Amino acid sequence: MNEAWLLLILPLAAAVLIQLRLKRIPALAAAVSVLSVVLTFLLSLIFAASDTVDEAVFTWAAAGDFTIKIGLQLDKLSKGMMIIVTGVGALVHIFSLAYMKDDEAKARYFCGLSIFMFSMTGIVLANNFVMMFIFWELVGFSSYLLIGHWYQKDSAAEAAKKAFLVNRIGDFGFLIGILMLWGLAGSLVFDQMALPAQGPLLTAAVLLVFCGALGKSAQFPLHVWLPDAMEGPTPVSALIHAATMVAAGVYMLFRLQFSFVDAEGIRQGWQLFANHSGEIIAWIGGITALLAALMATQQDDIKKILAYSTLSQLGYMIMAIGLAGHTETGHANLAGESGMFHLYTHAWFKALLFLGSGAIIYACHHEQNIWKMGGLAKRMKATTLTFVIGTAALMAVPFLTSGFYSKEEILLATLGHDGGMTPLFFVAAFVAFLTPFYMTRLLVVTFLGKPRSHGAEEAKEVGGLMLVPLVILAALAIASAFVIEGIGINIPAMFSAIDPRSHGHHPDSAVTALVLGTSFAALFAGVGLGYFLYKDRETDPLENNDLFQVFRNKFYIDELYLKIVRIGQDCVAAIIHFFDEFIINGLLVGGLSRSVGGLGNLFRRMQSGNLQIYALLFGGGILLVVYLTVFFTS
Amino acid sequence: MLAFLILLPLCAAIAILGGFSARGTAVLATGANLVLGLILAALWSNNPDIGSLSLQVLDKPAIHLSLGLFDGMSVTMMLLSVIVAFAAIFSGKCPAGSEKLWYVSCLLIAAGAIGAFLSTDLFFFYAFHELALIPTFLMIGMLGTGDRKEAAWKITIYLAFGSIILLAGLLWLVSASGANSFQFDVLLAAGTIPEPAQHGIAALLLVGFGTLVSLFPFHSWAAPAYASAPAPVSMLHAGVLKKFGLFGLLRLYPMVSEGIQSWVPLLVILLLGNILWVGMVTINQKRLDSMLGNSSVMHMGYIFLAFAALAESGGANDIALPAAVVLMFAHGISIAMLFALSDRIQQATGTLELRELGGLAKAAPRLAFLFGLAAMASIGLPGLANFAGEIMVFLSGFRHWTPAYDLPLGQNFTAVQLGTICALWGLVISAVYMLRAYRQTFQGKPVPATDNAKDLSCCERMPAVILAIALLVVGLYPNSILNFINPPERPSAPLSQSDN
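Same order as they appear, the protein sequences are chains A and B.
Residues in the first sequence are numbered from 1 upward in steps of one, following the working numbering.
Residues in the second sequence are numbered from 1 upward in steps of one, following the working numbering.
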């Protein structure tokens with residue numbers, strides 16, 4: 001037994017304690033929940049500097065020669081991920097103390113957060129696929145609980161259900177993939193898997209495993225649940241639907257790339273993706289990044305804009321993961337690391353943006369429409385400043401912000417060996433232009449100009465309990481990419497082999513210049529266009545444009561899915577039900593039983609129609625038949 | 001000792017007929033049974049012959065009234081029976097005036113089910129099950145709700161049909177085995193049956209046992225019967241008694257392993273009928289009780305899948321049998337809990353029509369919590385027992401998968417593996433109907449029916465809490481059951497028998 005188990009036990013204990021004992025004492029429930037997450041954060045920091053742990057001590061299920069063990073793998077990757085999960089988690093918990101102060105179900109809310117922290121920790125520390133799947137389902141469940149926190153609102157209840165079901169569709173493929181990978185790699189324990197030979201089976205298995213990430217990390221075509229998930233309380237959106245849980249898909253895929261160590265100690269996991277699966281994954285990431293960024297340009301709800309931008313950034317990460325197997329690009333085995341690095345920087349600044357939006361929504365009396373805000377820069381100076389820093393990181397403002405370094409690495413990964421531009425490079429560059437465009441729109445409409453509603457007029461700066469997490473996150477949005485000397489932990493190095501200080505360290509300086517030039521151009525074009533288009537506007541000038549209508553309506557994908565569910569599921573279910581009633585029950589098997597039933601009718605008439613008597617006769621008769629048959633046959 | 005498990009409910013039934021207070025006697029007897037069952041299970045691993053009993057009642061052919069905990073599967077099913085029996089009798093709300101019939105029937109069903117799982121003699125194994133069926137029919141016919149006459153007739157005719165086919169199969173099995181005995185150990189020791197007879201016997205057993213477990217397409221009795229049966233009867237039948245068929249198949253499997261192997265492809269199609277076809281039927285249900293009834297039919301498909309995996313491997317699959325047993329236990333507990341709580345919803349709101357319900361969580365948060373727990377168990381949330389069973393069933397499907405790169409993609413999979421892949425879609429289907437029903441019943445704004453609904457009192461919660469604890473214990477630590485099935489020093493009979 002190692003102290004690392006505390007990472008799992010503390011949040012679980014908090015959740016159990018709240019559920020069983022503290023439901024009636026919400027203040028204490030909140031305190032217990034916050035305490036548990038702060039403790040796990042401190043523990044994560046201690047473990048980050050300690051040795052690698054990999055142990056399986058607890059046999060969860062054993063059947064014959066087969067066992068499923070619960071084991072912890074605390075290596076470089078999971079140590080770094082734990083800092084993200086518990087760090088963002090702790091700040092979100094503290095922010096929630098203020099944000100959910102008057103909620104009548106505060107205890108239930110914090111219980112949900114603790115269940116989430118427990119489940120997410122399990123995913124991060126899992127040393128085998130079954131354990132990861134167990135916690136994978138549990139984070140889905142805690143997300144369901146928290147999205148549906150205000151379950152009396154129909155929209156929240158529907159959104160929770162949708163999130164769960166869409167994730168289940170992804171998990172359908174994920175489980176098939178796990179089963180196939182079990183056969184191909186010979187084990188379900190990450191460190192004991194053998195690298196399978198290339199072939200269609202491996203491609204299929206990797207793509208099926210990717211289906212899990214498709215659901216959890218909300219990639220096209222299973223992205224539809226994430227924007228709806230914004231029905232949950234805003235701190236939940238910051239923690240689960242921006243920084244940690246939605247990154248679980250990226251983490252899971254990278255866990256595969258991180259495994260398969262060969263005799264020389266070199267990780268060969270990227271080879272799993274060195275076939276069509278890698279290309280398909282990269283393209284799905286690219287398409288998601290692009291579609292989501294386009295949809296973000298026309299959203300009016302501040303949380304929805306951020307949600308689509310999360311989708312878009314997750315697309316970047318998935319694209320990088322897929323590129324890892326793309327042997328034609330120059331950075332094949334570093335591409336995955338750039339995706340993880342982006343996950344790391346993104347977690348802080350996206351949590352910052354969501355919490356910032358939470359502060360704004362709170363100050364504007366639960367107004368979420370940016371067109372009903374305006375002029376908030378004057379009323380909420382500190383919040384505005386942190387929000388701008390977060391936005392700068394998301395836009396990847398060069399050299400100053402963390403987001404810049406991680407995004408540069410991803411752009412670099414899309415280039416070919418010779419520095420040639422691949423189609424994905426253009427996609428990534430175009431998204432790099434759209435991101436500053438829609439974020440500038442958000443900034444200009446929300447913070448500048450005059451207040452356009454009563455709520456915005458009355459907005460006041462939020463209290464210290466909300467501001468402190470914002471300030472800490474703002475500092476990290478800038479600093480997280482840099483190695484902080486002195487604390488003995490090189491956190492960025494946990495994710496990236498490329499030291500950001502030596503940025504642009506590409507053998508070919510022309511490649512560096514190309515990437516840098518592209519980023520600069522995209523940033524200036526995006527900010528400039530956004531500023532001049534939206535300055536002093538009362539409504540969106542692009543609203544009635546036919547093309548932008550398509551973006552506004554999310555490419556009509558939700559409507560399409562609704563039709564598919566109506567026809568493909570509900571109608572088919574009704575038809576099958578009909579057949580079941582009338583064909584199987586009525587004709588096939590029913591015919592058989594009707595002849596027996598005819599016999600029954602005969603009996604019934606004889607026995608004055610009493611079911612009871614029939615049943616008794618039936619029972620007695622059968623016993624008699626058994627007895628006689630047995631007696632005479634032997 | 002084991003005989004007490006059967007005698008207690010039987011004596012209680014007689015005492016009730018003799019004028020003792022119905023509810024008190026019944027609760028006391030099943031409560032004592034629960035405690036006794038737990039003690040016996042705890043002692044069993046050190047003393048496998050605990051409480052065994054054998055009385056010869058006929059010497060030609062040799063029929064014994066013999067009881068025993070034959071293996072871990074028997075122990076698990078015994079535990080399931082005593083837990084559900086207590087919960088069913090405790091939670092049932094009997095209509096005034098029929099206390100005697102109500103509690104006597106429930107006690108007889110419980111006694112019959114426990115007797116069947118404890119019998120180590122084929123004759124009594126069968127007879128105890130029949131004993132349990134008769135009060136089931138009577139309860140549906142006399143105290144059921146809705147279309148109770150039709151439901152009662154349907155279940156009676158179907159199960160009579162299944163029982164008769166099964167009887168033919170069992171008698172053929174005994175005579176073909178050459179053992180002049182009905183005792184399990186003698187029969188299993190006689191080894192596998194000669195080849196040509198096996199196919200026929202296997203077919204009869206599959207259809208006979210299959211009908212009792214509502215294997216597609218012999219399933220249409222189940223949902224209407226559970227919907228109209230009084231809640232304790234649904235709990236006992238769907239939770240416990242229905243498992244008799246699967247138990248029998250798994251028990252007798254080593255004798256007809258080759259015969260069943262030849263039926264595996266067909267069996268896979270039928271079990272997919274349970275999972276996918278009946279699953280879609282479940283989605284289309286408009287009432288909570290018929291939705292639950294159909295869902296229990298659907299979930300039988302997963303247990304059959306484990307059985308198919310066992311049969312396809314010729315008995316070598318070491319995950320399949322434990323998976324089936326864990327899932328039988330888990331499903332029994334979870335469906336009993338769902339039926340018990342849906343009965344509470346009916347009493348609190350007066351309806352089970354989904355469109356007349358809504359927002360019940362506001363007025364009845366405890367009911368919502370417990371129902372949510374059971375619903376999550378039934379759709380396979382980790383930490384609750386059903387997940388452990390389901391994941392092991394799926395793993396058993398791929399236990400012996402041998403990928404071959406030179407073959408086209410599709411030819412790499414056997415019938416069971418293809419079946420497993422299709423069956424996984426059932427995870428989506430069950431989540432769809434369960435979450436829809438939960439959303440419709442508990443979430444959203446309260447409607448007139450649910451506005452002033454009463455929440456569960458402390459006493460009313462008790463049976464559901466006991467079932468929830470069982471789900472959690474097995475879900476958090478599946479080895480608690482698996483240790484019975486595969487104790488290191490005593491490998492379970494069906495596996496070792498067929499490893500040839």
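Honestly, the hints are just simulated from the structure, not real lab data.
Note that the structure is a prediction, hence the values are computed from the model and not measured.
All C-beta atoms, glycine included, are put in the ideal place defined by N, C-alpha and C.
A few of these clues could be false.
Unchecked claim - To be clear about the criterion: a stretch of chain A counts as covered by chain B if any three or more of its residues have a C-beta under 8 angstroms from a C-beta of chain B, and this derived list gives those stretches: (1) 179-186; (2) 335-342; (3) 515-522.
What the hints assert, rightly or not - Derived, one-sided and incomplete: chain B residues facing chain A with beta-carbon distance under 10 angstroms: (4) Val27; (5) Leu28; (6) Trp263; (7) Leu266; (8) Ile269; (9) Gly359; (10) Ile429; (11) Lys445; (12) Cys459; (13) Val473.
List in ascending order the numbers of the hints, as given earlier, that are violated by the structure. Failing hints, ascending: 2, 3, 4, 5, 6, 7, 8, 12 and 13.
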